[in-house]
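Take a look at the letters that make up each chain.
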Amino acid sequence: MNFTNRYIKARRIWYRIQALIMKEILAVWRDPKSRFAMVIPPILQLFIFAHAITLEVNSISLGIYNQDLGWYSHEIIQRIEGAPYFKHVYLLTDPHDVKRLIDTEKAMVTIEFQQDFSRLLAAGKQAQVQVILDGRRSNSAQIVTGYLNQIFQTFNVDILKREGVEVTEPVVVQSRSFFNPNLDYIYFTGPSLVALLSLLIAVTVTSLSVSREREAGTFDQLLVSPLQPWQILVGKAIPALIIGIGEGVFMMFMIITFFDVPFLGSYLLFFVSITIFLSSIVGVGLFISSLSATQQQSLLGTFVFMVPTTMLSGYATPIENMPTWLQPWTNILPMKHFLIIIKGLFLKDMPTSEVLSHSWPMALIAIVTLSLASWMFKRRME
Amino acid sequence: MGSSVENAIEITGVTKTFSGMTQPALDNITANIHKGIITGIVGPDAAGKTTLIRLMTSLLLPTSGEITVLGLNTLKDSDAIHDITGYMPQKFGLYEDLTVIENLNLYGDLQGLKGHEKEEAFEQMLSFTSLKPFTDRLAGKLSGGMKQKLGLACALLSRPKILLLDEPTVGVDPISRRELWKMMKVLLGQGMSIVWSTSYLDEASQCHEVLLLNEGKLLFNGPPSELTKIVDGRVFLLDVPEKGRRTALSNLLNTKGITDGVLQGNKIRIVCKPDFSIQSQEYPWTPAVPRFEDAFVDTLGGGPGGTSLLANSIPKKGKTHIAPIQTEHLTKMFGDFTAASDISFTIRRGEIFGLLGPNGAGKSTTFKMLCGLLQPTKGKALVSGHDLKTATSQARSQIGYMAQKFSLYSDLGVKENLDFFSGVYGLRGNFRKKRIDLMIEIFALESYLSSNSGLLPLGYKQRLALACAVMHDPDVLFLDEPTSGVDPITRREFWTHINGMAEKGITIMVTTHFMEEAEYCDRIALIYQSKNIATGTPDDLKESVKSKDLPNPTLEDAFITLIERSDMHNNEAHV
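From first to last, the protein sequence lines stand for chains L and H. Note that the numbering used here has the first sequence beginning at -14, numbered continuously upward. Note that the numbering used here has the second sequence beginning at 317, numbered continuously upward.
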């Protein structure tokens, strides 16, 4: 009898929370602003990260001013033209064009061969090539220099061989990247985006949820209803979890199907870990929300949370590059742990034990943030 | 010798349609607004008042027809019109985080006032609005009445020839309202022409001329007395026994030949059709002086009937021994500021209890403590014996709450709001569906079911809010200014429901600014400067201020006199 009573009571509570969850999801979807925030940024970011932002430099335009008519310079030019990074190769006849091409950003780099280039080489002497780089794009210029050096080096070795000189190369570096054999940038950004965007949506949805109701005056209506404060909190946390996980799954689907990033790990582990991860984030969001009186304050709070999360979690820069004293502190960011897990699951089929070992810190953070949120929530009602 | 035009504003065949609306907001309006008088634009919400005023300021342009302001066409001379008109929109753009003087400065700069001229204008406005002591207060911390005065001061800085005020008295208590009217009289004396829009019909009789709008149509244009004339000899006060006055009203409203009826303390005010014989009534009756509202409701074809389907749908409440609402020495402090002090009253089952008071007097604070939204600093606030702040879900599901401003989910549809609130209040399955359908039927929400509740006309918003508050059949109902801004017909409909529910034994607490609304209450507590300065029936309160100067006081007279007495008492205490 006691048991049935309890069951009935629990069921009644669940119905109430259910009504709140339905409303919460509808409200997020109906609000044009939040609907926009759910759909557009993920697609946009995916597009930007996948296509626009990449550390590789390709489609380089290059100008060549060749005063030499010999075979050697011709050979080098052919090698350059054959390399995959160079899109346009302008063959210049006027020395003024060298400057003009760089000035107008038509070419990032120009190469100039002196008249005696082939003659010197044929005579077994040293010859020089002048390479002019566009220093305004210093980063790319450096990378281009690297490409060109490679071409010149192989050329050097090849002509020495051709001349019959014995060359010994003591060490040959054959670099291979594990888990990302072709060093595809999307292999790195894709999984991180799953983490970042699901976090972003979960924290925004929750941080706005209470303050929006405060602004609209509906929060009082909720407080006088039979819902107890903790029930309101649960009713606001669950929709955010659902939306956040949904966003994560959507992103995962996009990068697996459209960007051919492999997912080698276990889907079950993915769901378990993202739930724990987002629980900790929802706690943060609800805490921000119960602290703020207006949506504007909530957004500011979210911003304050997002900056360290993106900068210090290993998303933007490797944690190993940070000062030693700062490194242990990054552990309080749930994002740090989840980034390790999500990359592991995507690229190297991370084993269960390892996923769990990175999950328990997040679970701990979740307990702390959710308790803080519920404490703040009650306090603000005085 | 000035211009030869005697009209301040001429409106010729003006129609205004907004895209997406089925009906024009204004439909072929032709009227003249004369110089040197107060012209009231009167009508319920969504009648087209704001649209008409905005057309006069040339902030909107008419779809067809034309408007001239002192001979200037709004189509062509909008800049010149802005120079000669002062406009105070419903929500004047005060910067709440700036002080009174900073707001004035800002508007002075915007209107190009400089140096000496500016100082002089400020000085004049501050003394005119009696805001001088508050120049350093943040605009956000002013009361509703003071905000309106500051808004008015800003609008008057450029010394306009025509002053256009859009509902300046919404949310303003009777005392501040009287002050605003006094200020208007002064401005009139300076030769200003004033256009004043309002949904308070009792303000219409104070205007020299009135444009009465309803649903975009001009129903009447002329001196208000001309309109009230049409109900001359058809308005009566009936003496009814106090106990049965609600039932009596309900029966009267259902009587053929009676077009309108409202409670006025222990009397019922009715408007009859011309051919109706009052002789046949069982209650003693006396003829009454017609009011503008009587004539307005009559023009619209009379009020709603007297039967509340809502009340009929709920079972009569059983008797209990516990007082439904009780406060004991209820006190709330915010820091040093006492928002409510030592407020005690007990409300009986089935009673309608009104909380009245100027803005910021503490009635909202008292109300919120009762609802469990604020923690009392001292004393107790009990609803059916429970402190709602800590009460169980079970106890809280026995109350209904309708907040002051529309506070349902405006992005959600009508049906979704009903679904949500029924769910939260634990209605299930078939019963839930039946209650929702009933609410849709009673409040005529059928045609709005899929539209976002934020986009509903105000009357329907309020109906939906009431539906959500009563769907679960509460024992105690809290209504915070339930009919602010709605038209008199909808207000009567609301009160038919409220009366019906009280008859069924539901206890109702109401806060209100409308004196007509207060007349419906069984008892009223008048809250002023955080204290309960008077409690009693509307007639008790009127009786208590009866004097030689005021042989026949209205409730508003009582309200103002009691507050003045309290002020005098306080002053004596300080001396």
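Derived from the structure by calculation, the hints contain no laboratory data. Think of the CB as a built atom: it goes at the ideal place given N, C-alpha and C, for glycine as much as any other residue. Some clues are possibly wrong.
Here are some, though not all, of the chain L residues that point toward chain H, as calculated from beta-carbon distances under 8 Å [to be verified]:
#	residue
1	Tyr0
2	Gln3
3	Ile10
4	Ala12
5	Arg199
6	Glu200
7	Thr203
8	Leu208
Ascending list of hint numbers which this structure does not respect: Violated hints: 3, 5 and 6; rest satisfied.
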